[in-house]
Amino acid sequence: MNVSTDTLIVGSGPGGAMTAALLAEAGVDVVLVEEGEKHPIDARQDHSLAQMDQKWRSGGLTVALGSPKVSYVEGRCLGGASESNAGLYHPPIDAVLDDWATRFGISDFSAEELSPHLDAVVEQIGVSSRPDGFSPASDRLAEGAEAMGWRWTEIQRFWRYPGGDQVGERRSMSETLVPRAVAAGARVLTGTRIDKILRRGRRATAARGTGPDGRPVTIDFKNVVVCAGAVQTPRLLRNSGWTHVGDGLTLNPMVRIVARFPERVNVPAFGVPVVQIEEFKPRLTIGCSYSAPPHLAMWLEGTAGELRRSLEDWERMAVFYVKACGQGSGSVRTTPVFGDALVRYRVAQHDYDVMGGGLVKLAQALLAAGATEVHSPLTGAPPLTSAAQAEQLATVLSPKTASFSAIHLHSTVRMGAEAAGCGADSHGRLHGAENVYVNDSSLLPTSPGVNPQGTILAVARRNTLRWLDER
Amino acid sequence: MHIEPVVRGLVSGLLADGEHPVPVDDTAAVLVRKIDNMPGLMRFGMRVLLWAFDWYGLIRGGRRFRGSSLVKQRKRIEEWSRMPVGPCRDMIEFHRKMGVFVALSLEGGEHPG
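Protein sequence lines, in the order shown, are assigned to chains A and B. Quick note: our numbering has the first sequence finishing at residue 480, numbered continuously throughout. Quick note: our numbering has the second sequence finishing at residue 172, numbered continuously throughout.
No lab work stands behind these hints, which were simulated from the structure alone. Check before you lean on any hint, since a few could be wrong.
[To be verified] With beta-carbon atoms standing in for the labels, derived distance ranges:
| # | chain 1 | residue 1 | chain 2 | residue 2 | range |
| --- | --- | --- | --- | --- | --- |
| 1 | B | E138 | A | T404 | 22 to 30 Å |
| 2 | A | D107 | B | P64 | 53 to 61 Å |
| 3 | A | K205 | B | M142 | 38 to 46 Å |
Here the structure is a predicted model, which is why all the values come from computation and not from measurement. Using N, Cα and C, we set each Cβ at its ideal position, and we do this for glycine too.
Could you build the full structure based on these sequences and the hints that come with them?
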């Protein structure tokens with residue numbers, strides 16, 4: 010199949026969908042390519058085994074190699090990760106944005122300058138609080154924070170609750186920006202994987218890949234915007250000869266623990282819990298996770314019989330997490346022979362210290378909120394029942410014992426001055442290329458320390474409007 | 060190598076007990092499918108580890124893991140979960156965590172397909 014377009018956009022997650030919508034609405038001929046398929050938003054239950062298979066790359070089993078390894082997830086469907094993540098909206102921290110501008114030489118970039126783009130994201134996509142309060146597990150976390158004298162907040166979501174409906178509607182990309190792009194004339198190719206961008210010197214001319222029927226696809230373009238996420242974007246660019254990208258990977262390593270309460274705290278109808286402890290951000294985030302029985306069981310120990318006994322009162326248990334604003338660093342390369350992305354990451358000692366201290370804080374808060382026991386993440390360790398015992402958690406994480414996961418990956422094509430080691434300029438144009446742009450989480454120079462979807466959307470909007478001005 | 064018998068043994072050894080039935084076959088089938096969907100290097104590494112683990116049973120206990128008794132299978136799992144080599148521990152941890160997640164998801168009504 011051969012296709013021609015003005016602008017090819019690779020990847021339909023938040024960055025790609027925002028780019029496609031704005032360009033198409035400005036009259037640009039756009040082709041939006043997505044490797045995964047289009048699935049109805051409610052095709053599978055959120056956070057279920059089936060949803061993992063359907064909407065995440067490799068069924069959610071992707072790993073950054075290192076000691077310890079860090080498991081992470083990437084969306085792989087129309088709309089990308091926005092189709093299956095928690096959809097939490099947290100505005101970026103002003104000091105972090107200003108630090109990015111200074112350290113990486115990003116022009117026209119500050120908290121003030123990003124503010125109208127954030128406002129537009131909130132207004133156009135839709136961000137809401139639950140109409141009927143938090144889940145009981147979130148309430149316990151908030152109570153614990155107050156007992157410890159710490160600030161906490163409700164994190165809003167890319168969600169809406171028409172008529173006070175409890176379940177609500179996810180405001181994912183396939184429900185918002187992709188339909189906007191299509192309505193403005195964008196063509197969407199799903200099930201299509203781009204393997205290489207063909208170039209003539211500094212100028213890219215076409216993209217080559219595979220269509221849904223397994224046949225080769227070639228797409229000729231004037232401009233290409235790569236928005237395939239912090240792993241697939243550098244993989245594609247490196248495969249195409251731009252080998253200055255792929256270093257500097259940042260992520261937020263996370264550890265989960267289970268706490269048991271004397272009363273019911275786990276109500277799946279509330280969906281994702283939305284309370285986070287603010288006191289230690291951006292260095293450390295403490296929150297509550299989705300806690301259906303299969304999720305609880307992953308963080309407990311025992312045979313099926315023992316787990317079932319533990320889970321007989323699963324409604325009194327919930328999963329909580331600590332997440333560090335990672336100070337480690339990693340890289341993305343291509344695996345020889347297999348051709349997949351090879352992701353490596355080294356967890357910094359600082360992150361062990363932050364997360365160990367965070368586990369102590371979390372356990373103390375939960376116990377202060379009435380938890381009867383907190384399960385240590387250390388295999389074989391007995392549950393903790395007092396604040397004094399919780400101190401043990403400070404040292405449970407080590408390269409040999411830790412089991413980290415990460416949801417947010419960034420910084421593999423940082424924006425900023427070339428001299429500062431950035432892969433793209435201040436508005437996402439790839440250094441060393443005339444007509445290749447990046448517009449996704451890869452651009453964020455470091456981990457933002459908060460849920461990044463709002464920041465990614467706002468930065469993508471900022472960059473796209475700039476490109477339109479330059480046309 | 061057919062990995063399903065090894066994965067089935069791991070699911071049994073990690074989860075089964077006399078008290079409650081566990082959907083061992085369906086859980087193992089889902090895990091095998093998940094391994095097959097892993098990125099290439101991970102898939103290759105996991106298959107090599109499962110192969111080594113299977114033959115480790117012969118060296119330590121006289122029979123390959125897949126054909127060992129449940130008691131011996133548990134012993135081999137215990138030994139590998141304490142191995143100084145990280146990937147060996149990771150392989151056991153993967154089957155423990157994903158095994159319980161899949162088994163409980165299936166019991167909760169999710170379809171193995």
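Consistency of the hints with the structure:
1. Restraint check, E138 of chain B to T404 of chain A: a C-beta distance of roughly 26 Å satisfies the suggested window 22 to 30 Å.
2. Taking the beta carbon of each, D107 of chain A and P64 of chain B are about 58 Å apart, inside 53 to 61 Å as hinted.
3. Distance hint check for K205 of chain A and M142 of chain B: the Cβ-Cβ separation is about 40 Å, which falls inside the suggested range of 38 to 46 Å.
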